[in-house]
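What follows is the residue order along each chain.
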Amino acid sequence: MRKSLPKECPASVWGLGTVLLCAVLAQGLVAPRLARPGAAPDLLLLATVVVAAGAPARSTVLFGFAAGLAADLFLVTPFGLSAAAFTAIARAGSAVPAPRRALLIAPRVVVSALLAGALVMFAAAALGQAAAPSSTTLGLLLRASVTAAALSPPVFAALRRLVGSGLPG
Amino acid sequence: MTGSPGRAGSRTASVLMALSLSLAVADHAGGAAATVDGLRAVFRGGLGRLEATATRPFTAVAAALGRADDLTRENARLRRRVAADRGRAEWAHALARDNAQLASITGLSAPGGIPQVPARVVALPAGRTGSGLVLDRGTEAGIRPGMPVMAAGALVGRVVTASGGQAVVLPIVDAASAVGVRLADTGQIGVVEGAGLSLRLELLDPDVEAAEGALMVTAGLGHGRFPPALPVGHVRRGGRSVAPLVDLHRLEVVEVLTWRPPE
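Sequence lines, in order, name chains A and B. Note that my numbering numbers the first sequence so that position 153 is 153, with each residue one more than the last. Just so we're on the same page, my numbering is the position in the second sequence counted from 1, plus 169.
One thing to keep in mind: the hints can contain errors.
As the list claims (entries may be wrong) - For each label pair, taking beta carbons as the anchor points, the in silico distance ranges come out as: (1) B:188 x A:126: 17 to 27 angstroms; (2) B:199 x A:95: 31 to 41 angstroms; (3) B:354 x A:13: 47 to 57 angstroms; (4) A:154 x B:207: 29 to 39 angstroms; (5) B:421 x A:138: 15 to 25 angstroms; (6) B:184 x A:96: 38 to 48 angstroms; (7) A:25 x B:206: 19 to 29 angstroms; (8) B:371 x A:25: 18 to 28 angstroms; (9) A:122 x B:403: 31 to 41 angstroms; (10) A:96 x B:313: 40 to 50 angstroms; (11) B:212 x A:122: 21 to 31 angstroms; (12) B:314 x A:154: 27 to 37 angstroms; (13) A:103 x B:199: 44 to 54 angstroms; (14) A:138 x B:246: 49 to 59 angstroms.
Claimed, not checked - Chain B is nowhere near these chain A residues, computed Cβ spacing over 10 angstroms in every case: (15) 14; (16) 20; (17) 31; (18) 101; (19) 103; (20) 106; (21) 123; (22) 151; (23) 158.
Simulated from the structure, these hints should not be mistaken for laboratory data. Ideal Cβ positions, reconstructed from N, Cα and C, are used throughout, including at glycine.
Okay, chain A solo, but in the shape it has when bound (with noise of 0.2 angstroms):
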């Protein structure tokens, strides 16, 4: 049985809000200082996935959707097509069981970073607004997905501090 947080629990909330916070000032300030180069990993995805692995599903669709915003303040694609992205993500993501040990969300990221990735780059190949992705965009994206899911565990553990018993022990 999947353990999550009380849907209405206002602890949750808060934490989820603080979670959010952190991610967005990781992405802006300390992301740049990770990335080899060519490739910054995408924190804010990688947050969306943590806690999709552990709170409740209609909280992690409006987290994945508010860390997709955000997401699209750092970007020149089209506005909320990461929001989209991400919100499909955190869908998919709370549909599956939570991983038993932080280890096993290393691969989840790295899934999830490149579905997010290429759906933001088709997408704005369609509307006309990026070349279509070729093997050099894809292999930065496949860089960067790696370097997020070389953090995830320890970002998996301190959330699961963070917000208690909301993620799998």
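Since chain A is already given, all that's left is putting chain B on it; use the hints.
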């Protein structure tokens, strides 16, 4: 609310995805472009100010610790003197070499004599601050790794990888980027390192304080990665950071200088 939490989540997700896509289409069509651009500018400006505020106490503490240790202070003073002497010697050497290019600084144009390859910036794969810019031209157009990239007469970064029809540029604001620079007016040598939204400035002579608004250009010393006199940015208040001349988030077309560092 009726139904299971899972169904409620699905309904919410559907509504929010429809809302998101509507926003994207409206933004793409230009209906909300001004609002979105303003929102993004305010957001990035706020992050930049927050970054400057957050790092200020650490620099102050580091300075206080340095003052408390006489030996460290003496060592630092000697290092500064050596660095200043070295900087003056290098500056004198560079001055003779790039004298002919100083005129291009005031005009903020690319230095003459270096052939340029125009290229269009395609959207970033992850698109995050600090990510590489991807160009739609590559080795087929003569672009090679190491070549400087400019836009609107100012430095954008350098090519790190290039394939047949694409090239990836490491922007100067990337954390992995470091550029040798000098003050255009006084010639003081230093280094700017990428800090995400701005550039962190370290002058070789710590006794010298860069004036707010001073223009930084590439130093072009010895085996540097860039030719001399390419405009980089203006010194911000406090003299510790530099604002790039180019808004890297709004680039559409850039020029790749077909220049290679001297062997």
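These are the hints, each one checked on the structure:
Taking 17 to 27 angstroms as the suggested C-beta distance range, the pair residue 188 (chain B) and residue 126 (chain A) conforms, at roughly 19 angstroms. Judged by the Cβ atoms, the range 31 to 41 angstroms given for residue 199 (chain B) and residue 95 (chain A) holds: they are separated by roughly 36 angstroms. Between residue 354 (chain B) and residue 13 (chain A) the beta carbons are some 54 angstroms apart, a value that agrees with the proposed interval 47 to 57 angstroms. The hinted range of 29 to 39 angstroms is satisfied by residue 154 (chain A) and residue 207 (chain B), whose Cβ atoms lie roughly 36 angstroms apart.
Under the hint 15 to 25 angstroms, the C-beta atoms of residue 421 (chain B) and residue 138 (chain A), about 22 angstroms apart, fit the expected range. Hint check: residue 184 (chain B) to residue 96 (chain A), Cβ distance near 22 angstroms, so the stated range 38 to 48 angstroms is violated. Roughly 22 angstroms separates the CB atoms of residue 25 (chain A) and residue 206 (chain B), a value that falls within the hinted 19 to 29 angstroms. Checked against the hint of 18 to 28 angstroms, the pair residue 371 (chain B) and residue 25 (chain A) passes, with Cβ atoms roughly 25 angstroms apart.
Evaluation of the 31 to 41 angstroms hint for residue 122 (chain A) and residue 403 (chain B) yields a pass: the beta carbon distance comes to about 38 angstroms. Checked against the hint of 40 to 50 angstroms, the C-beta distance between residue 96 (chain A) and residue 313 (chain B) comes to roughly 45 angstroms, which is consistent with it. Judged by the Cβ atoms, the range 21 to 31 angstroms given for residue 212 (chain B) and residue 122 (chain A) holds: they are separated by roughly 25 angstroms. Against the hinted window of 27 to 37 angstroms, the Cβ-Cβ separation of residue 314 (chain B) and residue 154 (chain A) comes to about 34 angstroms, which satisfies the hint.
One distance hint, 44 to 54 angstroms for the beta-carbon pair residue 103 (chain A) and residue 199 (chain B), holds here, with the actual separation near 46 angstroms. In this structure, residue 138 (chain A) and residue 246 (chain B) meet the distance hint of 49 to 59 angstroms, their C-beta atoms being roughly 52 angstroms apart. For residue 14 (chain A), the requirement that its beta carbon stay farther than 10 angstroms from each beta carbon of chain B is met, with the minimum near 20 angstroms. A cut-off of 10 angstroms between C-beta atoms confirms that residue 20 (chain A) is not in contact with chain B; the least separation is 14 angstroms.
The Cβ of residue 31 (chain A) sits about 6 angstroms from the closest Cβ of chain B, inside the 10 angstroms cut-off, so the non-interface label is violated. Taking the minimum C-beta to C-beta distance to chain B, about 24 angstroms, the non-interface status of residue 101 (chain A) holds against the 10 angstroms cut. Look at residue 103 (chain A): its CB is around 23 angstroms from the nearest CB on chain B, clear of 10 angstroms, so calling it non-interface holds up. For residue 106 (chain A), the non-interface assignment is confirmed: its Cβ lies about 17 angstroms from the closest Cβ of chain B, beyond the 10 angstroms cut-off.
Annotated as non-interface, residue 123 (chain A) brings its C-beta within 10 angstroms of a C-beta of chain B; the closest such distance is 7 angstroms. For residue 151 (chain A), the shortest C-beta to C-beta distance to chain B comes to about 14 angstroms, beyond the 10 angstroms cut-off, and the non-interface label holds. Non-interface status of residue 158 (chain A) relative to chain B is upheld: no Cβ of that chain comes within 10 angstroms, the nearest being about 20 angstroms off.
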